[in-house]
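Construct all of the structure, not just a fragment, from the sequences and the given hints.
There are 2 protein chains.
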Amino acid sequence: MSTAAAPRPSPEKIFEALTRYQQTFALKAGIEVDLFTAIGEGANEPAALAKRTQTAERGVRILADYLTIQGFLNKENGKYSLTPDSAVFLDKRSPAYMGAMAEFLVSGQNLDNMQILTASVRKGGTASGIGDNSKPEDERWVNFARSMGSMAVPMAGVLAQMIAPNSGSSGGPIRVLDVAAGHGLYGITVAKILPNVQVTALDWPAVLEVAKENASKAGILDRYATRHGSAFDADLGEGYDYIFITNFLHHFDPPTNEKLLRRFHAALKPGGKTLTVEFVPNPDRVTPPMAAAFSLVMLAHTDSGDAYTFAEYEKMHCAAGFKSCSLHPVADLPQQVVVAEK
Amino acid sequence: MSTAAAPRPSPEKIFEALTRYQQTFALKAGIEVDLFTAIGEGANEPAALAKRTQTAERGVRILADYLTIQGFLNKENGKYSLTPDSAVFLDKRSPAYMGAMAEFLVSGQNLDNMQILTASVRKGGTASGIGDNSKPEDERWVNFARSMGSMAVPMAGVLAQMIAPNSGSSGGPIRVLDVAAGHGLYGITVAKILPNVQVTALDWPAVLEVAKENASKAGILDRYATRHGSAFDADLGEGYDYIFITNFLHHFDPPTNEKLLRRFHAALKPGGKTLTVEFVPNPDRVTPPMAAAFSLVMLAHTDSGDAYTFAEYEKMHCAAGFKSCSLHPVADLPQQVVVAEK
Chain E
55 MSTAAAPRPS PEKIFEALTR YQQTFALKAG IEVDLFTAIG EGANEPAALA
105 KRTQTAERGV RILADYLTIQ GFLNKENGKY SLTPDSAVFL DKRSPAYMGA
155 MAEFLVSGQN LDNMQILTAS VRKGGTASGI GDNSKPEDER WVNFARSMGS
205 MAVPMAGVLA QMIAPNSGSS GGPIRVLDVA AGHGLYGITV AKILPNVQVT
255 ALDWPAVLEV AKENASKAGI LDRYATRHGS AFDADLGEGY DYIFITNFLH
305 HFDPPTNEKL LRRFHAALKP GGKTLTVEFV PNPDRVTPPM AAAFSLVMLA
355 HTDSGDAYTF AEYEKMHCAA GFKSCSLHPV ADLPQQVVVA EK
Chain G
55 MSTAAAPRPS PEKIFEALTR YQQTFALKAG IEVDLFTAIG EGANEPAALA
105 KRTQTAERGV RILADYLTIQ GFLNKENGKY SLTPDSAVFL DKRSPAYMGA
155 MAEFLVSGQN LDNMQILTAS VRKGGTASGI GDNSKPEDER WVNFARSMGS
205 MAVPMAGVLA QMIAPNSGSS GGPIRVLDVA AGHGLYGITV AKILPNVQVT
255 ALDWPAVLEV AKENASKAGI LDRYATRHGS AFDADLGEGY DYIFITNFLH
305 HFDPPTNEKL LRRFHAALKP GGKTLTVEFV PNPDRVTPPM AAAFSLVMLA
355 HTDSGDAYTF AEYEKMHCAA GFKSCSLHPV ADLPQQVVVA EK
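These protein sequences, in sequence, are chains E and G. Numbers given in our numbering equal positions in the first sequence, counted from 1, plus 54. Numbers given in our numbering equal positions in the second sequence, counted from 1, plus 54.
Because the hints were derived from the structure by calculation, they are not lab data. Keep in mind that a hint or two might mislead.
Which copy? The list can't say, so a pair holds if one copy fits it or any two copies do.
Stated by the list, open to error - Below 30 angstroms or equal to it, Euclidean Cα-Cα: the simulated DSS-like pairs (lysine-lysine) are:
no., residue 1, residue 2
1, 369, 105
2, 129, 67
3, 327, 396
4, 105, 271
5, 369, 133
6, 146, 67
Next comes the structure, spelled out in structure tokens:
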């Protein structure tokens, strides 16, 4: 209808953003009724899907159509099939299944915090009252450990590559401290790839139970030690070759991070390195989109956490005594690795 | 990293969908703190925005960056500016402002219903317990009437065009019944465009108060009558040239709609027409995306409503006694008009 070259202003994007939460809940519902496994196993019409997923035919028809619209299913001649992504990541029979992510990413607590985002914008930090992240919150972090491990594996492979050259030269054991280990899958995956790696995982006791289960499944429990407690005051041990700091520093403000980094610096052997996995936005703070957008998640959930730029990380590391600091982008992953040497 | 031609399966889309609710809450927060008006008025850096919007500088910086990433703001050299869409639709000083939509689209009730979507899929209708839509729910529908009127205006212009040829030929008054009128802006906008249109608006009393306010603002109150009550049992009057049925039939199942359409048929004069504004998916039920996706909204909020295909609407209208039924697509709008003649 418009005769101008530029697109006419339209409320469509605004309407879409205000209804986008529906996409989250639809995918979560698909995961919860195990729709993708049912389709993978051959149920491909509403009646068969209803029977297999114990849903109403009308309900599952509408849900499957919606997930087709969103690109998670195909529909042809009334029959549904899995897309390549859904077959790999949403069919429970797949080893790369990651439907469990929904339980953390769309947890009641995460939703509650997002619902009070306006108050958090006014306050400049989470209005939830539980955002300092220095005390155990078992429900939240055990849920995280149980749900989010699969996301860590590709990046853990990158960490193993970064360690591998050293690994070859000396031949002796490589000691890794995995701080706030959670599911433990950064350290565990590296230990699985590199047989001379010995991991010490630090976290709250309830969370470490999950990490130990994962270490046992991976067959590396004999090279897996644990230390209970907080990165702020636990005895970290010393003489580590590497310290993994994965998705941790974003919870705190820069002075707190400097304090933590000083402790990690002390626990490294001379020449040892921290490998910090983080969302690192460019200095403009609006690119790349996924890393930069993570800042809002920290506003919603923490008192003073953020997605820090590399310049900010460099400053924190320098203040904590590290002699060099560099940024390693990783192809195909939204996070990067900050490497700092003692 | 991939050497194959086809993209390697990636969990990125799944992760994005499971976190997409954040986009909804961020835009809602921007509207609630009136960020867009503040930027429109010239505050373009975090410190100035914090002062103008009574927010924390850190909070508003993170929010404005996020909304830049989502395409609702521009950021250059650290200064924010409005996009064309935001200037027209999100700056309160604009006559086309529609930020109020957030209050209905992201209402607590809508969120609650989406949070129990899995139960609704199992049940085949809303698990909320309040989905029959035949009784007054003032809180929900007064909120709708106050929030969503601006979305109706472009389509109302289309309805006026569809009526206009008749309007010219006879010269006499054209009587329109606006069923479940809500904000009233379909009938009111048409009456504003066509001076010989007389509107009778039907809705619950509390909702009609909003419609009357809007009719008064539009200066057409002298051609605006109201009837209180339900489309199921109110006295509708008779001899109407047109009945507007806008965003109404999607709340009910086909037998209920046939019953309603029989009542509307009786209220029309011979040759009179119903103009039904609806999301009408294609027979595949997965295109066009916006119309087809609306089916999920009805699953979440109603006992047995749906986004019906044209074939389904045609069948309901035939069963109710209409002699013809046709579908009128509308350029640039996600809804279409079903026209049926008595």
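Worksheet item: What are the numbers of the hints the structure violates, in ascending order?
Response: The structure conflicts with hint 4 only, although it agrees with all the remaining ones.
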